[in-house]
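From just these sequences and the hints, can you work out the full model?
Under the working numbering, think of the first position of the sequence shown as 116, with each following residue one higher.
Hints listed in this document are in silico derivations from the structure and should not be mistaken for laboratory results.
Computed from a prediction, not measured in an experiment: that's the story for all the values here.
There may be inaccurate statements among the hints.
Unchecked claim - What follows is a list of derived Cβ distance ranges for each label pair:
#1 Val589 - Ala171: 50 to 60 Å
#2 Ala171 - His362: 41 to 51 Å
#3 Gly266 - Ala549: 16 to 26 Å
#4 His362 - Ala688: 45 to 55 Å
#5 Ala267 - Ala177: 53 to 63 Å
#6 Thr669 - Arg548: 24 to 34 Å
All residues carry an ideal CB built from backbone N, CA and C; glycine is no exception.
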Amino acid sequence: MTTHGDPATQSAAPAVAARTGPTDAGEAPATTGDDTLPAALTGLRAAIGTAHFPLALPSAEAATRVGRALTDQLDDYLLPRLRRLDAPLLVVVGGSTGAGKSTLVNSLVKARVSAAGVLRPTTRSPVLVCNPADSSWFRQGELLPGLTRTGAPSEDPRTLHLVTAPALPPGLAFLDAPDIDSVVDANRALAGQLLAAADLWLFVTTAARYADAVPWELLRTAQARGTVIAMVLDRVPPEAGDEVAAHLSEMLADQGLGSAPLFVLPETWVDGQGLLPEQVTAPLADWFARLAADADARDAVVRQTLDGALATLHPTVEGLAEAAEEQLATADALDERVAAAYRNAHRTVEQGLSDGRLLRGEVLARWQEFVGTGELFRTLEARIGRLRDRIVAAVTGRPAPAAELRVAIESQLVTLLRGVASEAAETAHTAWRAHPAGTALLDPELAHPSPDLPERAERLVREWQRGVLELVRVEGGDKRFVARTAAYAVNATGLAVMIAVFASTAFIPTGLEVATGAGTTVAGQAVLQAIFGDQAVRTLANKARTDLLARVRTLLDEEAARYLGRTAAARPAPETAETLRRAADRVELARRRSGLAADAPAEEDGPR
116 MTTHGDPATQ SAAPAVAART GPTDAGEAPA TTGDDTLPAA LTGLRAAIGT
166 AHFPLALPSA EAATRVGRAL TDQLDDYLLP RLRRLDAPLL VVVGGSTGAG
216 KSTLVNSLVK ARVSAAGVLR PTTRSPVLVC NPADSSWFRQ GELLPGLTRT
266 GAPSEDPRTL HLVTAPALPP GLAFLDAPDI DSVVDANRAL AGQLLAAADL
316 WLFVTTAARY ADAVPWELLR TAQARGTVIA MVLDRVPPEA GDEVAAHLSE
366 MLADQGLGSA PLFVLPETWV DGQGLLPEQV TAPLADWFAR LAADADARDA
416 VVRQTLDGAL ATLHPTVEGL AEAAEEQLAT ADALDERVAA AYRNAHRTVE
466 QGLSDGRLLR GEVLARWQEF VGTGELFRTL EARIGRLRDR IVAAVTGRPA
516 PAAELRVAIE SQLVTLLRGV ASEAAETAHT AWRAHPAGTA LLDPELAHPS
566 PDLPERAERL VREWQRGVLE LVRVEGGDKR FVARTAAYAV NATGLAVMIA
616 VFASTAFIPT GLEVATGAGT TVAGQAVLQA IFGDQAVRTL ANKARTDLLA
666 RVRTLLDEEA ARYLGRTAAA RPAPETAETL RRAADRVELA RRRSGLAADA
716 PAEEDGPR
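Pasting the structure below:
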């Protein structure tokens, strides 16, 4: 085995800048009260835990994945490591399928502790190897608490197989992780989680696969967050060693990883236990031995990786905050599409009460009959009109003209309401279907009004009609006419007011109204004005129209709520983004004051 860059003179803590701080190795950063890093990180974890991204947006899946990864890193590494800076250094051995990670770990600890073979994936559950003196730290479960400790190999990727090896020096542990490009999704996810819990990455690749995309993606991630890295180039043909190592060194330098030590392992045989010859692994074993024996070097590695991981939290959490804001903006946009559809529905009803269209058809015919036959005048003259109507109805079997008019008004309004509600539901459905987040929230039944809408519309109109009669009764309470003719006059007058609601000028006819009403509205107006006065007629009609539109608004709001309830359930809390940013700011401030950060003095005020 050879190394690139004369490893005999390399420090046991490569790529670690010399740094000083207010704390000694093994002590948590000296802060007080809520300014402590653990307190700030605990607050950040809570903020991330409450951030949800349920709307189907391109950023949502990534934000959910990043949030889960941050939570894992906080639980698995940052919080446990801050509590024990002097805990054994954890080296996570990662790499591609078939790179020889398990064989290398076995060879370094001089025992077959991790399964190696040709079947893939070989490492199904992670294997952690440490000196017996360090086993208590790893068995306590503070590091990687989500993995169940076991003393035997397991097929369950959520277990951590703990093995002790006396040949491994104290202060150092190896964790053999699953393949980063495993065909098993759970293995790939676990490999990423374990690498995020590493103090040092030992990345193993081969002469045939060192340029693969997946390893470099992870290496760039490690470089971005300041993780200490060492590289092993395995299975290198002797004749190609210098050329391949030089090319890999160039690639590392291009990615800002030129200071990472590179160890080159030539193609060789393994002994009966599946271990590499000691002379092949000796330079790497010696490098780790020096690191294990040097407490200051280990502390420098821990602090560099820890501070690098902490420094990446702020920009990463900012991405989560922006994703939360996009969720809110999208929910608002979806709500507005629904609101616009139902606003248009309400506007259509308003126009229907203003343009005379409701004076046509059955309503017009019944009104002409009610007014043109003198029924309105007779019923307003004396109570005898009510008795006459009952006799006529009993003889002819036909309802009185007043009853027919009232039914026609109800039918016309219900038909209008059903139509606008159907159109609004279809419009809102189409608008949501045009947006990915809206499509994910849709159900087919939303394209139609509620099944009970017809009954609710009928109830609305009947209650409005009763309200009009009560309005007439209250407004005309001081009129001797109403007092004399009582309820029958109120009913007749109420019907006339309902017709007035259908006209844009409260019985002052427009051209359309004259054409459709054949002048009968003018006759009704004259009677009402004679009884109540011109202004009173206008007041009654305006109040009745306002009441009807308010009831329609409530009905349409209830229909729109079928949509809005879905966005409300998916909408993040409005303070999510601000909560995330405040928590990240607090962590950054605590990091800069802790002495871990090499790029900021202790008195730094935090992110700007």
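Checked hints:
1. Val589 - Ala171: 50 to 60 Å: holds, 53 Å
2. Ala171 - His362: 41 to 51 Å: holds, 43 Å
3. Gly266 - Ala549: 16 to 26 Å: Since Gly266 and Ala549 have Cβ atoms about 57 Å apart, the given range 16 to 26 Å is violated.
4. His362 - Ala688: 45 to 55 Å: holds, 51 Å
5. Ala267 - Ala177: 53 to 63 Å: Roughly 37 Å apart at Cβ, these two residues miss the hinted range, so it is violated.
6. Thr669 - Arg548: 24 to 34 Å: holds, 27 Å
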